[in-house]
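From first to last, the protein sequence lines are chains F and G. Per this note's numbering, residue 1 is the first one in the first sequence, and the count goes up by one each step. Per this note's numbering, residue 1001 is the first one in the second sequence, and the count goes up by one each step.
Keep in mind that the hints are not guaranteed to be accurate.
Said to hold, decoys possible - Okay, the calculated beta carbon distance ranges per label pair:
#1 1(F) to 1026(G): 20 to 28 Å
#2 1122(G) to 89(F): 45 to 53 Å
#3 1035(G) to 18(F): 23 to 31 Å
#4 1052(G) to 118(F): 27 to 35 Å
#5 1019(G) to 32(F): 15 to 23 Å
#6 97(F) to 1108(G): 49 to 57 Å
#7 1092(G) to 91(F): 40 to 48 Å
#8 1115(G) to 57(F): 52 to 60 Å
#9 97(F) to 1112(G): 19 to 27 Å
Stated by the list, open to error - Below, in silico cross-link-like pairs of lysine-lysine (DSSO-like), each with a Cα-Cα straight-line distance of 27 Å or less:
#10 1115(G) to 1126(G)
#11 28(F) to 90(F)
#12 1126(G) to 93(F)
#13 27(F) to 90(F)
#14 27(F) to 93(F)
#15 90(F) to 1126(G)
Because the hints were derived from the structure by calculation, they are not lab data. Small disclaimer: the values here were computed from a predicted structure and weren't measured. For every residue, glycine included, the Cβ atom is placed at its ideal position computed from N, Cα and C.
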Amino acid sequence: MINNFLLVAVGAAFGVLARVLSTNWIKKEWRYTFPLATFIVNILGSLLLGLVTGLSLGTTFSLLIGTGFMGSFTTFSTFNVENMELLRMKNYKHFFVYTAASYIFGIIAAFIGLTFGNLL
Amino acid sequence: MYYCLLVLFGVVGASLRYALGLLISVDQFPLATLMVNLLGCFLLAFISSLLTQLPYLANTVASAIGTGLVGSFTTFSTFALESTTLIQDSNYLSAIVYILVSLLGGLFACVLGYKSSEGLLTWRKK
């Protein structure tokens, strides 16, 4: 039990760092209002979580990489707060694209990862 | 300093998510992730709105709590994977309910968090 929490904790420590470093880097390069950084992180994380789950690597890897790393690398709260900001700025076009693209591509990415992982 | 706080809070956020997942388990529906995500949306909007009003040190800590703790507490990848699994298992009704409640509930929770924070700030100024 304690070991399981430790695995999640170690994965999460790297996951949160990876999220903040990569989103900061993307935000520096991307100067438009569309929240591309969170979008990329969430879609990439969904693809990789699907892949790791499909590979069936066992509980240790599932907790370390899945629940810990990918769980902390991706974020639902930032995604929604960014969406609320787009709504408040009356930027309905970006709001619609961001919401639709995140849900559709997120689920497709998880599906592709899972299918690919099952094949390997 | 900021990165240490970020990792520390990130670990706490993910552990809370894992613990809630162990406590809440419902057959055929990913209730734990849904609750975690909606609660996290409320909290992040609440904290983000407060951030603009805080002095520097409190601002750094609050930012690390928002990005680290709440950011790691909520998760998009698990949501996407669970939605995929529900669809693959032909559990279409659960999939639709899960996606729609996440979409609308997430935005609603953000607005609620933002309004609560604004309410608190005006109440304090009185």
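Beta-carbon spacing of residue 1052(G) to residue 118(F) - inside the hinted bounds 27 to 35 Å or not: violated (47 Å)
Hint consistency between residue 1126(G) and residue 93(F) [alpha-carbon to alpha-carbon, up to 27 Å]: Violated, at roughly 38 Å.
Note whether the CB distance of residue 1115(G) and residue 57(F) lies within 52 to 60 Å or breaks it. Because 44 Å falls outside the window, the suggested range is violated.
Take the C-beta atom of residue 1122(G) and the C-beta atom of residue 89(F), compute their distance, and say whether it sits inside 45 to 53 Å. violated (22 Å)
For residue 1115(G) and residue 1126(G), compute the direct alpha-carbon distance and say whether it is at most 27 Å. holds (17 Å)
Need the status of pair residue 27(F), residue 90(F): alpha-carbon distance at most 27 Å? holds (21 Å)
Consistency of beta-carbon spacing, residue 1108(G) to residue 97(F), with hint 49 to 57 Å: With Cβ atoms ~20 Å apart, the hint is violated.
Take a quick look at whether residue 27(F) and residue 93(F) sit within 27 Å of each other, Cα to Cα. holds (20 Å)
Residue 1(F) and residue 1026(G), beta-carbon distance inside 20 to 28 Å? About 21 Å separates the Cβ atoms of residue 1(F) and residue 1026(G), which means 20 to 28 Å holds.
Take the C-beta atom of residue 1092(G) and the C-beta atom of residue 91(F), compute their distance, and say whether it sits inside 40 to 48 Å. violated (32 Å)
Can you let me know if the beta-carbon spacing of residue 1019(G) and residue 32(F) is within 15 to 23 Å? violated (38 Å)
Go ahead and decide if the range 19 to 27 Å is satisfied by the Cβ distance of residue 97(F) to residue 1112(G). holds (24 Å)
When held up to the earlier numbered hints, the structure conflicts with 2, 4, 5, 6, 7, 8, 12 and 15 and fits the remainder.
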